[in-house]
Structure formats: C-alpha cells, structure tokens
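Student: Sequence:
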Amino acid sequence: MVFLYYPDDIVEQVRQQSNIVDIISGYVRLTRHGSSYLGLCPFHNEKTPSFSVSESKQIFKCFGCGESGNVVTFLMKYENFTFPEALKMLADRVGITLPEQEYSEEQKKRSGRRNQLLEINRQAAVYFFSKLKTEHGKKAYDYFTKERGLSNDIIVKFGLGYSEYSSGLSDDLYQYLKNLGYSDELIKASGLVEIRAGKMPYDKFWNRAMFPILDVNQRVIGFGGRVMGDGKPKYMNSPDTEVFDKSRNLFGLYLARRSKRKNIILCEGYMDVIAMHQAGFDNAVASLGTALTEGQATLLKRYTKEILLTYDSDKAGVKAALRAIPIVRAVGLNPKVVKLSPYKDPDEFIKAEGAENFEVRLSKAQNSFYFQTEELEKEYDLSDPAQKTEFFHQVAKLLCKFDDEIERNVYMEAAAEKYRMEYGQLRGLVNQYGLQELKEKEYREAAQKIREERQRIQGNKGNGEHSLQLGIGNTQEIGLRNARTSKGLQENGVEKAQKILLTWFSVDPILIEKLSNIVALSDFKSEFYHEVAKVMYAMFEKNHCIEPAAVINHFQEVEEQKRAADIFYENSLDELSMQEKERALHELIRKIKEYSLSYDSANVTDLTQLQKIYKEKEKLKTLKIQL
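Per this note's numbering, the very first residue in the sequence shown carries number 1; after that it's consecutive.
Hints in this document: simulated from the structure, not taken from any laboratory.
Hints are all accurate, no fakes.
Result set (BS3-like, lysine-lysine): computed pairs, CA atoms no more than 25 Å apart in a straight line:
| # | residue 1 | residue 2 |
| --- | --- | --- |
| 1 | K593 | K525 |
| 2 | K593 | K617 |
| 3 | K234 | K146 |
| 4 | K397 | K418 |
| 5 | K232 | K199 |
| 6 | K351 | K139 |
| 7 | K188 | K204 |
| 8 | K621 | K514 |
A quick note: this is a predicted structure, and the numbers were derived from the prediction, not measured.
Using the sequences plus the hints, can you model the full thing?
Tutor: So, in structure tokens, the structure goes:
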C-alpha cells in the first residue's frame, strides 16, 4: 500500500482556496446568523441549531457536542476520510495537483486502521460473492435469478453474494478473515462478526442473500442481507462503524450519480434499485433500512434538483413518502411522487408492464403537494361540515410550509379552487398557522442567541475581554415575551438606546441621512422618543440641521421638556475613539432594530408581512456601520 503526505504550504494553499461555508453547506443546511452560519449539527441529534460555521475564521464549532475544526477536519469526521483523502477531495475541487510523497510512520499508523477496515469489507464482499454459486449458495442464486429475474451481468455489477449457512451459528467469514491475518479487534470493529469475551466468535450475517453497500467513491463500507427462508429479521444491515453511517449513505448512489438523467429515483429497498438499474433506470437509489434522513437528502442535493419517490403503494409506503416529502423540500429539492398502483413496487410494475410503461409513469409523477392533500382527504368525510373544516385547517398547515410567497400563493389558489374554498378564508388560515410557526421559530432563535451569548461571556471572562455597553444593556436579551410593553422596552435598555441615538443625531445631523436605509422613524417604539425623532427628522428634511431649543419647545409639559433637554446633554459618547464610536453606534442601532422588528413581528397578522420582517432581521445580521 502506498502512503502519502503533503507539504505544509500545499495543505495551507488548499485550505485557503476551499471556502468552509461552501463545503459544509453541501452537507448541512446553513442559515446566516450574524457574522457566522448556523445549522443542525451533523455529529449528534438535535432539534435546535447549535452548529456554527465562521466564514471569516474558516472554522466550525458545535456548542452542543463540542466538535470543532476546519474544512479538512470536517470532511475527515463526516465522510470518515483520512487526512490525505479529505485533502485530495478539496484539491480536486479547487484544481490543485497534489505531490505524492511517503507518509511518516505516525501517519501510516493513523491512516492504516481505516484502510484496513475498508479492506476487510472488500475482502468480505469477495468472500460472499464466491459463495453465491456453491451448493449452499444456490438458494440465494436462485432467489436472485429465478425469483427476482436478475441477470448474471447485474449480479456481477452489484457484487451480490451469499453468507454461508450452518446448522448453528456460523463463523465461516470470521475464519476467512483470520486466515488473511486480521486481528480480532479489527474484525469486531468492521461490524461483520460478533466477538465477546468468553464466547466463540460468530458471523452476524449467515444464510442470507448479500448486498454490498458502496459509498460514492466505490468503496465497500457495509452490507445488507436478506434471510433465505423464514428467519428474522427479514432484512438486516451492517451496524454503524468507523467507515459506515447508514444515515449519510444511499444504496446505489455511486452508480446513480453518473446517470445522465436529470433526476434521481428514490426507492424503498435494494431489490427495487437493482431491478430498475437492470431495466435501464440507472438513476435509482434507496435509503438503507431506515426512513429518509436529512443527511441523505443533503447528499442527493449534490447530484440533482428533483427527486422521484417510488415507495411501495401500500400503507407503509404511502406513510414513508409523506414523511420523506418535507425532508426533501427542506434541503431545497423538488419531490414528486410516482404512483405504482395496482402494483406494489417498481420491480413488480416493471415485470408486469415493462420499462416503457414505467417510463410513462415516471413522466406523470405527481406534484408532492397534490399527493399530500389527496392522501389527507382520505382521512376525512368532506360531506360532514366539522370534518371538512378540520381538513381545511390541515391543508392550511401544509401551505404555510412554502417559504416562497409566489409559490405559496399559487398553491393556495389551486387548493381553494379544487376544494371550493373561499380564497380569503384559506389565506387567513395560512397566515394564522404560518405566524404561529414563525413566532415559535423566533422563540427558538432567541433562546439560541442567549446560549451563544452566555458562552461568549464565559469565554471573555477567561481572556479578560469585555464589550462596550454604554449603559444600554445586553443586546442579546431582547425577547418576544416583553416586546409589547413599555416596561419590557425599559428593562431591555431600548429607551436608553433611542435616547443616545437621538443625541448622536443632534451632534451630527447628517447621520439621519446616512442611516435612512437602516433606521426609520417607525423604529422609535418609545412614544416620547418617537415624537422627538419625528421633530428631528422634519427639521433635518427642511434645514439639514437640528435646533435643540425648537425640539424642547415642541413639548408643553415641563417634565417632557426636561426629558428632551437631557437628550442634548447626554455624555455617553464623550472621549470615545473613532473605532469605539463605530462599535457603539453599531450596538445602538442593532438594539433598536432588534426590538423594533421583534415588536412588529409580535403584532403582525399577515404571513407575508412577517416574512418581510424576517428578511429585515437577516439584513441586520450583516449590518456594518462606518462613520
């Protein structure tokens, strides 16, 4: 085996030319969050995003499980790549040719374990394949050829095989691997053999038709096995290992990714994929014994924009399709559903109707929303007013999942026409559920911001750093729970922030013009400071200056005149450097805008308006102030 290493300057060149956000977004759905990006961590299960990617620093960090690193270490962790494999993938992506040199002994040792596990899997695949045409393997061979109609060519193409039968627990594969010189520790780590202290080793797969599972680089990473006879379970997969994660791989993808077809067909099982490839549909893949995962959907996004769901036509298949649709949509793919009835699965359809008719079915794949509503309709008696009302509510919940306003409106019109609903009523329901969902999302994001801020503060305590506050409180603590109240406004220091910004306007009126695209009169939520801002904005528009006396005299009450006068005597900005002033102004504006947008989102009644507010929030995350 040839081992390689790469000079530090080459490694650094590859890293610098590989944008970590571009790379990781191919695996994880990221959304901008301030100067960083957030997503659900791919290394542990979570519902609230805690996985942060910094474009400026070119690093990632999960605040949930603690995983962190750069673009190379991400690929090593996610893809189970060795360092050279990860670097080569990145180098190929940016067009850098890597020199080949000998590994160090330490590097050889590190790389060797993964390569050995992959080699064990390859050897196991060779072993299973060799058993297919033995006396014991005839049952599996007949299953493939006679029962499922597979040709010898397709058997060879997919490397199908047989795991040996014995009257008791089999250890044939274990003995085969031992004879090749592999240790018990490595054999156990492969997931192919059960090895326990004080007990005889035994093969996990025996008396089964075997399906090697290959990754996109055509390396054997695991196996699926179908029992021959009545044994349980009927189908069994390799457990997750150092080289195999079934939630991030798809059966047949190494072939489908090279297909010239514009879409990818997602099937339920191995045999469906193999039968479809034999019939000429070389874009078929299947999830690995589990429901479709976001990781698998993200993987598919690298190779296509459209997914055709060809799950079984029984209740379990329909349920699986309904579960897959939102997952596929969530990563930005367009899902369609291929109806197979009266046949159970693609294999059965092709055997009965032929490849040409199956091609026709594919071309008539149903819009996923229509499929969802039709299946939903079966659960209700639409002649019953109460059930019909509940059905409309469920349709509205489906519609609010469309983020694009134009797309959502098109589907609302179609649904209203199909089910004879009043469009305005349906729109009202969509707004109701959409607002509820977005506000729940806002609560989750607020909670995440607080967690991040706490972690930042804890980190700053350790290095002695502190932020410039100007007596206006912590900008991260603005919450929806007090967005409606004057008390909440005061508690969050927003009134103080508005006062200081007005002071700044009085000192440098041109800021009103400079910030016109950022801060509007409506952003001053304090009743008093809103009135002050109104007067200042009018003065600037008319004379391009601010007259303190005129502002003070605008108010009739003495207490209000005193509050107005205080604006012009605010000294928080004294003796600040230009850099400190920019930081302070940035903090002021962000605080005011965050509160204003949170207030508006808490009181808005239209989904489209709320989405516009969210866009403003996204813009706020990239806010840069220059004096």
